[in-house]
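Participant: Chain by chain, the residues:
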Amino acid sequence: GAVVSQHPSWVICKSGTSVKIECRSLDFQATTMFWYRQFPKQSLMLMATSNEGSKATYEQGVEKDKFLINHASLTLSTLTVTSAHPEDSSFYICSAGPLYSGASYEQYFGPGTRLTVT
Amino acid sequence: AQKITQTQPGMFVQEKEAVTLDCTYDTSDQSYGLFWYKQPSSGEMIFLIYQGSYDEQNATEGRYSLNFQKARKSANLVISASQLGDSAMYFCAMRGGLARGGYNKLIFGAGTRLAVHP
Numbered sequence: 001g002a003v004v005s006q007h008p009s010w011v012i013c014k015s016g017t018s019v020k021i022e023c024r025s026l027d028f029q030a031t032t033m034f035w036y037r038q039f040p041k042q043s044l045m046l047m048a049t050s051n052e053g054s055k056a057t058y059e060q061g062v063e064k065d066k067f068l069i070n071h072a073s074l075t076l077s078t079l080t081v082t083s084a085h086p087e088d089s090s091f092y093i094c095s096a097g098p099l100y101s102g103a104s105y106e107q108y109f110g111p112g113t114r115l116t117v118t
Numbered sequence: 119a120q121k122i123t124q125t126q127p128g129m130f131v132q133e134k135e136a137v138t139l140d141c142t143y144d145t146s147d148q149s150y151g152l153f154w155y156k157q158p159s160s161g162e163m164i165f166l167i168y169q170g171s172y173d174e175q176n177a178t179e180g181r182y183s184l185n186f187q188k189a190r191k192s193a194n195l196v197i198s199a200s201q202l203g204d205s206a207m208y209f210c211a212m213r214g215g216l217a218r219g220g221y222n223k224l225i226f227g228a229g230t231r232l233a234v235h236p
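Top line first, the protein sequences correspond to chains A and B.
For the first sequence, our numbering assigns the number 1 to the initial residue and increments by one for each residue that follows.
For the second sequence, our numbering assigns the number 119 to the initial residue and increments by one for each residue that follows.
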């Protein structure tokens with residue numbers, strides 16, 4: 001159990017276009033979903049926290065108008081990169097939770113989406 | 119502010135030997151959780167082990183154990199009997215005290231790249 005999917009797994013788009021990435025919890029309901037960005041050989045940086053039915057909370061330095069997050073249901077959150085530029089090329093990972101695993105409330109990660117903007 | 123420090127950018131170990139990956143943390147919270155994740159080249163984040171701040175015993179999960187020294191604020195990961203498949207990036211992460219809704223975000227360290235040699 002506790003499977004999180006992301007779609008697409010990779011995407012190439014042209015500069016100036018918008019790209020939508022989906023994050024789904026397949027076998028549990030996720031009241032909270034997190035979006036991370038990871039540049040090559042770097043750590044995961046939290047971009048925003050989204051709670052179902054409410055506005056996302058963005059981390060300092062993340063442009064909310066550029067990275068639109070929607071968490072319309074307990075199993076789906078979307079991240080839209082608007083007017084993408086080459087510097088937005090990165091690995092985007094979502095996680096969903098909470099789910100009590102027996103030791104703590106866990107969040108489960110999706111497989112990630114690799115975005116390349118040309 | 120919470121902070122996770124991993125001072126080893128890369129580590130090498132011979133197959134079947136044990137290896138320790140260092141992690142120190144800083145927090146003013148009394149209640150917190152510490153996690154280790156493995157990230158292979160595919161990019162997925164694989165949960166390895168969890169240690170709660172009030173847990174008196176060190177956490178163990180198969181070949182993984184967490185050497186938790188609360189006074190020193192360290193949470194080192196020990197991998198016993200290393201296998202070739204253990205070659206990956208390893209991230210230490212911390213979650214702060216329970217926020218409204220019983221959940222909080224993860225802060226990640228910079229990561230350690232482990233290479234297991236035959």
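Treat each hint with caution, since some may be false.
What the hints assert, rightly or not - Ranges of calculated distance between the beta carbons of each label pair, as one might list FRET restraints:
id, chain 1, residue 1, chain 2, residue 2, range
1, B, G128, A, K66, 30 to 36 Å
2, A, E52, B, S198, 37 to 43 Å
3, A, A72, B, R181, 37 to 43 Å
4, A, P8, B, T138, 48 to 54 Å
Said to hold, decoys possible - List of simulated lysine-lysine pairs, DSSO-like, C-alpha gap at most 30 Å:
id, chain 1, residue 1, chain 2, residue 2
5, A, K64, B, K121
6, A, K66, B, K134
7, A, K55, B, K121
8, A, K64, B, K223
9, A, K20, B, K223
10, B, K134, A, K41
None of these hints come from the bench; they were simulated from the model.
These numbers were taken from a predicted model, which means no experiment stands behind them.
Glycine included, every Cβ here is placed at the ideal spot set by N, Cα and C.
Participant: It remains to establish, for every hint, whether it holds in the given structure.
Facilitator: So, going through the hints one by one against the coordinates:
1. B:G128 <-> A:K66: 30 to 36 Å: At roughly 34 Å between Cβ atoms, K66 (chain A) and G128 (chain B) fall inside 30 to 36 Å, so the hint holds.
2. A:E52 <-> B:S198: 37 to 43 Å: holds, 41 Å
3. A:A72 <-> B:R181: 37 to 43 Å: holds, 41 Å
4. A:P8 <-> B:T138: 48 to 54 Å: Distance hint for P8 (chain A), T138 (chain B) is violated at roughly 38 Å.
5. A:K64 <-> B:K121: holds, 24 Å
6. A:K66 <-> B:K134: Given pair K66 (chain A), K134 (chain B) is violated - Cα atoms ~47 Å apart, limit 30 Å.
7. A:K55 <-> B:K121: holds, 26 Å
8. A:K64 <-> B:K223: holds, 18 Å
9. A:K20 <-> B:K223: Answer holds: K20 (chain A) to K223 (chain B) is near 23 Å, not above 30 Å.
10. B:K134 <-> A:K41: Holds, because 26 Å separates the two Cα atoms, which is no more than 30 Å.
Going through the hint list in order, the structure does not satisfy hints 4 and 6.
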